[in-house]
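Enquirer: Relying on the hints, combine the two individually framed chains into one complex.
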Amino acid sequence: MSTRAGRRWSRRLGLVGPAVVPVLVLGAFFVLPVSGMLERGFFADGSFDPGAVLEVLGRPRVHRVLWFTVWSASVGTAVAVLLGLPAAYALHRLRFPGRDLVRAALLVPFVLPTVVVGVAFRELLGEAGPLGFLGLDGTAAAIIAGLVFFNVAVVIRAVGSTWESLDPRPAEAAAALGASPWQVLWTVTLPALRPAIVSAASVVFLFCATAFGVVLTLGAPHYSSVETEIYLLTTNLLDLQAAAALSILQLVAVVALLLVAGRLRRVADPTASRVRARPRRPVRGDVAALLSTALLLVLVAAPIATLVAGSLRVDGGWSLGNYRALTTDGTHQALLVPVTDALVTSLRTAVDATWMSLTLGLLVALVVTRRSRTRAERRVRIGLDGFFMLPLGVSAVTLGFGFLITLDHPPLDLRDSPMLVPIAQALVALPLVVRTIAPVLTGIDDRQRQAAASLGAGPLRTLLTVDLPVVWKPLLAAAGFAFAVSLGEFGATSFLSRDEHPTVPVVIYRLIDHPGPMNYGMALAASVVLAATTALVMLLVERLRVPSVGSL
Amino acid sequence: MKSTRALGALVTITAMAVTASGCSVIGGDSADDSSSSSSKVVLVTHDSFTLPKPLIRKFEQQSGYDLVVKAEGDAGQLTNKLVLTKDDPLGDVAFGVDNTFASRALEAGVFAPYSWDEPAGVSDYALPGDDAHALTPVDNGDVCVNVDDTWFKAHHQAPPRTMDDLTDPAYKGEFVLPGAATSSTGLAFLLATIAKYGDGWQGYWSRLMANDAEITSGWEQAYEVDFTQGGGKGDRPIVLSYDSSPAYTVPKGSSSSTTSALLDTCFRQVEYAGVLAGAANPKGAQAFVRFLDSQPAQAALPTSMYVFPVVDGVPLPKQWAKFAVQPDHPYTVDPADVAAHRAEWLQEWSDVTSR
Numbered sequence: 001m002s003t004r005a006g007r008r009w010s011r012r013l014g015l016v017g018p019a020v021v022p023v024l025v026l027g028a029f030f031v032l033p034v035s036g037m038l039e040r041g042f043f044a045d046g047s048f049d050p051g052a053v054l055e056v057l058g059r060p061r062v063h064r065v066l067w068f069t070v071w072s073a074s075v076g077t078a079v080a081v082l083l084g085l086p087a088a089y090a091l092h093r094l095r096f097p098g099r100d101l102v103r104a105a106l107l108v109p110f111v112l113p114t115v116v117v118g119v120a121f122r123e124l125l126g127e128a129g130p131l132g133f134l135g136l137d138g139t140a141a142a143i144i145a146g147l148v149f150f151n152v153a154v155v156i157r158a159v160g161s162t163w164e165s166l167d168p169r170p171a172e173a174a175a176a177l178g179a180s181p182w183q184v185l186w187t188v189t190l191p192a193l194r195p196a197i198v199s200a201a202s203v204v205f206l207f208c209a210t211a212f213g214v215v216l217t218l219g220a221p222h223y224s225s226v227e228t229e230i231y232l233l234t235t236n237l238l239d240l241q242a243a244a245a246l247s248i249l250q251l252v253a254v255v256a257l258l259l260v261a262g263r264l265r266r267v268a269d270p271t272a273s274r275v276r277a278r279p280r281r282p283v284r285g286d287v288a289a290l291l292s293t294a295l296l297l298v299l300v301a302a303p304i305a306t307l308v309a310g311s312l313r314v315d316g317g318w319s320l321g322n323y324r325a326l327t328t329d330g331t332h333q334a335l336l337v338p339v340t341d342a343l344v345t346s347l348r349t350a351v352d353a354t355w356m357s358l359t360l361g362l363l364v365a366l367v368v369t370r371r372s373r374t375r376a377e378r379r380v381r382i383g384l385d386g387f388f389m390l391p392l393g394v395s396a397v398t399l400g401f402g403f404l405i406t407l408d409h410p411p412l413d414l415r416d417s418p419m420l421v422p423i424a425q426a427l428v429a430l431p432l433v434v435r436t437i438a439p440v441l442t443g444i445d446d447r448q449r450q451a452a453a454s455l456g457a458g459p460l461r462t463l464l465t466v467d468l469p470v471v472w473k474p475l476l477a478a479a480g481f482a483f484a485v486s487l488g489e490f491g492a493t494s495f496l497s498r499d500e501h502p503t504v505p506v507v508i509y510r511l512i513d514h515p516g517p518m519n520y521g522m523a524l525a526a527s528v529v530l531a532a533t534t535a536l537v538m539l540l541v542e543r544l545r546v547p548s549v550g551s552l
Numbered sequence: 001m002k003s004t005r006a007l008g009a010l011v012t013i014t015a016m017a018v019t020a021s022g023c024s025v026i027g028g029d030s031a032d033d034s035s036s037s038s039s040k041v042v043l044v045t046h047d048s049f050t051l052p053k054p055l056i057r058k059f060e061q062q063s064g065y066d067l068v069v070k071a072e073g074d075a076g077q078l079t080n081k082l083v084l085t086k087d088d089p090l091g092d093v094a095f096g097v098d099n100t101f102a103s104r105a106l107e108a109g110v111f112a113p114y115s116w117d118e119p120a121g122v123s124d125y126a127l128p129g130d131d132a133h134a135l136t137p138v139d140n141g142d143v144c145v146n147v148d149d150t151w152f153k154a155h156h157q158a159p160p161r162t163m164d165d166l167t168d169p170a171y172k173g174e175f176v177l178p179g180a181a182t183s184s185t186g187l188a189f190l191l192a193t194i195a196k197y198g199d200g201w202q203g204y205w206s207r208l209m210a211n212d213a214e215i216t217s218g219w220e221q222a223y224e225v226d227f228t229q230g231g232g233k234g235d236r237p238i239v240l241s242y243d244s245s246p247a248y249t250v251p252k253g254s255s256s257s258t259t260s261a262l263l264d265t266c267f268r269q270v271e272y273a274g275v276l277a278g279a280a281n282p283k284g285a286q287a288f289v290r291f292l293d294s295q296p297a298q299a300a301l302p303t304s305m306y307v308f309p310v311v312d313g314v315p316l317p318k319q320w321a322k323f324a325v326q327p328d329h330p331y332t333v334d335p336a337d338v339a340a341h342r343a344e345w346l347q348e349w350s351d352v353t354s355r
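First to last, the protein sequences are chains S and L.
Taking the UniProt record's numbering, the leading residue of the first sequence gets 1, the next gets one more, and so forth.
Taking the UniProt record's numbering, the leading residue of the second sequence gets 1, the next gets one more, and so forth.
This is chain L alone, in the form it adopts within the complex (with noise of 0.2 Å):
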């Protein structure tokens, strides 16, 4: 009985906080940021994007510009967005459609061509194909298999090392992947095999189903619940993920990462950032392009979004100089490519994988 009014309190406390709140949407405080169109600049991105905040205020108080972030989904719902609605744009400036994503956005003529002069290092990144200019690279990261070093420590084995070890049978079960499919991640793992077996890609893909490597459908599921080093402390100890990763599976207080990138088996991906045709605010668009390849916006990426910079010389965080390493010879396909056979692989993909 007792409890039962205890109960029944705490249910109309709970009822009284969330009519204080301010119950609903409607008569809240949010009409606020429909002011005039010309002191604000619209970002469209992706849900992984962010950025320090005194960062974004310092872009903001420099440049004039309210910024409005619009978080539009993944690289590749953003990107399809953005080629729905180009006859009316989203917004002024879009940031996060990636080399696997952008000719298809490029084809339909998405972004306005805007030439600036970007600092040293950033040319090196360019999208293959993109004459006119429309994009602008501001970071980049490679798709890599990382191991969890304790584990092959534990048990006395030496790690893999190449794509051809994934499919030694002294690796059987121990493999997990996001999908091509379904993921970014593992579309990216995908055209790494492609890069370096050529037509020989589904054979690779056929010996390493053999080997009993797993396939999910994101990186969540791959790396939280599968792999020995993520938050489920899964059981198997190799997993699809980034170059960055190992820097963050260093324990607290210790000087080494439990998990190692390998730096045979990576594809980078670069994202760009570039100015929507028919912005409403093309001045302010290109200005937070700009921002986005300053120094201090660079060298805020690799925490902020897990990505090393494209600038020349900009300083990495000190677990990232350590832990984060880059591959020199990452694999890479011509993105026209990636356009032009992504339907025709990623059927093929699914018949080998579902066999």
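Next comes chain S alone, as it looks inside the complex (with noise of 0.2 Å):
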């Protein structure tokens, strides 16, 4: 009876313990700060006033804004998928010269400053830009199209590392069963990655659903998100009512997407086998998936090169003038710090909020992915699992000015310390890493956790020798989405980033706000090194994945 009561208890221990700092650090930088907009939405001038914010629903406008972010982001996800998951194949799979490279520059949209996209996008796609004949300036296809350039790496990255670790057996046993290739897609294949699936489309909508920079620079004023909404009425309003209103919408959203996820996310025998496939030469039938993977190149290549171009631009001439200007305080001195500067200022608050996404990461991954015994236990390990994704669904701007309004008193006197803007950026990484490496625990499988036990292992070895083995590669492209993410941060950082040490994006904006004969091509240039850093960074990344370690 002791024993079993014991058992119970550690049990719970196991589940609880980990949770703890994760919940706390969520609880203190999220919870708290949103729920102290909300609470002044709903206490106007004092008393509790939840008729004038439920009011705010009924407005025709916002439910324009709703149906907008509904079908923007539903078709952004669609095509995100569609498109990511060939070239995830093609690139995790297939082994050809220069895969690592085109890897890597396909991670680059994630991490570019959305201001600078949006200029970019619109110099490609305006009356004067060489796509300017489509007609696509300021239409819902343009936004689209950026959703679908920011967003394709969440994909390929999420799906890819898995498709990597798949059990090749089951397919070609289908295949020696006469299956053909479709077949073995249709019916092995897509059915073990539906969880990775999922899950990146799961993340992708969400980041969709609450785009922000994208939406206000294509779109701006036809077309309105609920996220560019909660942003016009906070800053330019000050309509708190109603921007606690759209939180309060926007977070039961983001709850249903995520409860909807999780029951598609659930397989019959999650298990995976650690028998890897390696990499191999392309053949014939591999042509449909290398030409979508060019194809999609091509479509992120395009605003890319635009940028490039512009930067290497000074006075009508060819020149590498922005690039040196770099070191400067641009014309004007429109920079209170250079762009180098901001590079390394960047550079160390991404090592943070990167290890303490991982961290914070992994801790929730352990805690969400092990079997329930129960159904309590179950429902306790979902709720946690949405708990942690729900920063994805809160405003920048509403968490901004919730830092300034709650963190502001002892023990969290926090509103200038300058932890801020990396813990913002790993609240803001967190549920990509959680995502990432949450389905390959998954695929573990349990009995060998308990095989381990049973010839003695503690539960420490037990993850080092079952767990560790297994999540190694997908903790290191976490941790290369983490700085990535990072990198590139600008709503949250923006908010509280402070004026003596910004960030790479913080110093473009700065740049692109500024009139005067250098600026804005410095600006592209910082763009541009921001992409090639980011680039380097993945590579490193891709580097470090030493095979003998991963694929033990």
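Keep in mind that the hints were calculated from the coordinates and are not lab data.
Even for Gly, the Cβ is constructed at its ideal location relative to N, Cα and C.
Coverage of chain L stretches by chain S, computed from C-beta distances (three or more under 8 Å per stretch; other residues unrestricted): (1) 65-76; (2) 84-95; (3) 206-218; (4) 226-236.
Expert: Written out as structure tokens, the structure is:
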């Protein structure tokens, strides 16, 4: 009796223990600030007034905004998945020259500051731009193209890493039994990939539905999403009641989405084998996937090429002047610190944001992926899983203003802390980290852990021998992701960063915002440097994936 | 193979550089400005605030305070942050609240009254309705329609001059401006049309839209992407910008500007500084307000922040004296009216422009 009770307690401890730190962090840096802002909305003039908040939801404009958010995000997600899957296959199952470079390059969009991409897209699609004849400027199609541009990397990374560690034998068996490549794909491969695809798609949908810069630069004034509307209501109109109403609406929608995604993600037998497919040379059947990847590369490269070309032009001629100017403070002292200094700040901040989000993400992923014994236990795990995805569903403005009004007294007097920026960035990256690691952990057969335990291994040793070898690669991929997110993050950062230590995206925005002969060119050059830095970091992550460790 | 190795080396070097650069904020040098609050004065301002470093150092030497600058977004965000944090202010002194947002901050009691012997000329720019004297004018500038003179010369066309001209079919498809709901520049122009046309402003905007005016989200997109003289070399020769913009479009070695501002289309913006109520260091805050209206700081405003001084007799930079011309009769709207009707006007503006 007593040992059984003891075991139950240790199981509960195993469930709750690792979750304590992430829950506390999220409580302090997410729940507290957001509820602080919501409270301001509900308690207008000191009295509780939920009616006024709910009245906002009846406004026709709110309905339009909501409808646009839902359908643009749906289309954006669908296109990102359709374009991302073949690329995930080509870049993770095939071996060809330049593969690592393409992989790194496709992640670059993810880190470009949206304001820069907005400008690049407009230069590309605007009346005077090379693609101006398409008449896409200011249309919903341009916004969706922007959403896909940013998010296709999520699909490639998240699905690719799972595809890479997929046991090739069932597919081979099916093929040996006479299944056509399409049948194998439909009946064997895709079902096995479903958790990863659903994971990636739900993250992409959340990113699309809460996209801010893209919708604002490419869509205003005709299109407004819930996110941009919250921004306008908060900063322009100080209509906190309406902002609170939309924030709650967004939260509810995110929770609903997570519940649906959670159901879809569940598979009958989520166990993956350790037999891994070695990447092979492309064969004729891979032509479609390779062509699709090439098309994607062109789509992603077009706006980036616009940026690069723009950064190399000075006074109508080709020149490296914009790059040389990066060590200066810009024309008419647009900057307080040169771009080179900002790059150092960005890199240092990214290091902090990365270890923070990795630590939190790993703990969360461990908690939510362990097999549940009871229904209550499973509910707790699903609840926790959703809880850590919530930061995706709240606007940076709400969070930023919330920081100001709630973290202003001891023990959390953090308004001026230099750690706020990396913490905020880590929270932004956290869902991505969890969604990259969790599907892999889910794929580990629990019997392996039981076997290890029965052979006398403690929990830590089990973790090291069973989980770590499998999770090693996705962990590095997640680290790269978190690093990239941190380098490119603008919303929360611009809100929290301190003047004397700006990050590169903040500096770029400042340059674009200041007239002067060199400033615009410098902004483009700084964007190119930021993109190149990210690509380099991603290449490094690729290099570090020491095969002998990863394929234990 | 060789290229792979070179790449590997490059990557390794970068990794080492990152490591050597101190790696992270923790353990870095960032804890240095938590020095005692009596020796520093904390300025809360918008992202566009800059003054030359030697000038700031001079202020620090003369006043004995260290200046800590906190940039808090654009003018709108800044105002709202000040309102939201008024019980526990973000700093001692604020600069950058302008006449389209100031009433809201005054109503909320963000600023502590501070009367002092202002230099000549400053009181001309005082905020209407600020009877307690909580805000001190620091600079002013006008949002005006700008035209690309070289483009019009090349196309043998006379540039427009008035707001009505912008609805003339001769200029169809030539005007680009940031939207009023998403940019403070755009809001200023909306207010100019409200000042000029009164209740007829919606009709004016309908005509403007019918004449194929393009609306962007921010000044950056309008000027840098669509305007023919912007960084992106767009294809619209008429843009909404500032009265000071022509001073920045003087080609190297030239003695004339390629653009000019239409002085009959302008809305005046005045930026204020004020001591925050509940400031930890009110004396330092007052010293900084006085510093902003001192001769050297006023003289540095045009090149640092593209705005005009408010103090009488401050010399302008050479380019400015020649190319940045201020309108004699800019449009204005009573700040109290703006505060009361902003939401309603923006709502109606959105309806008219998205039809």
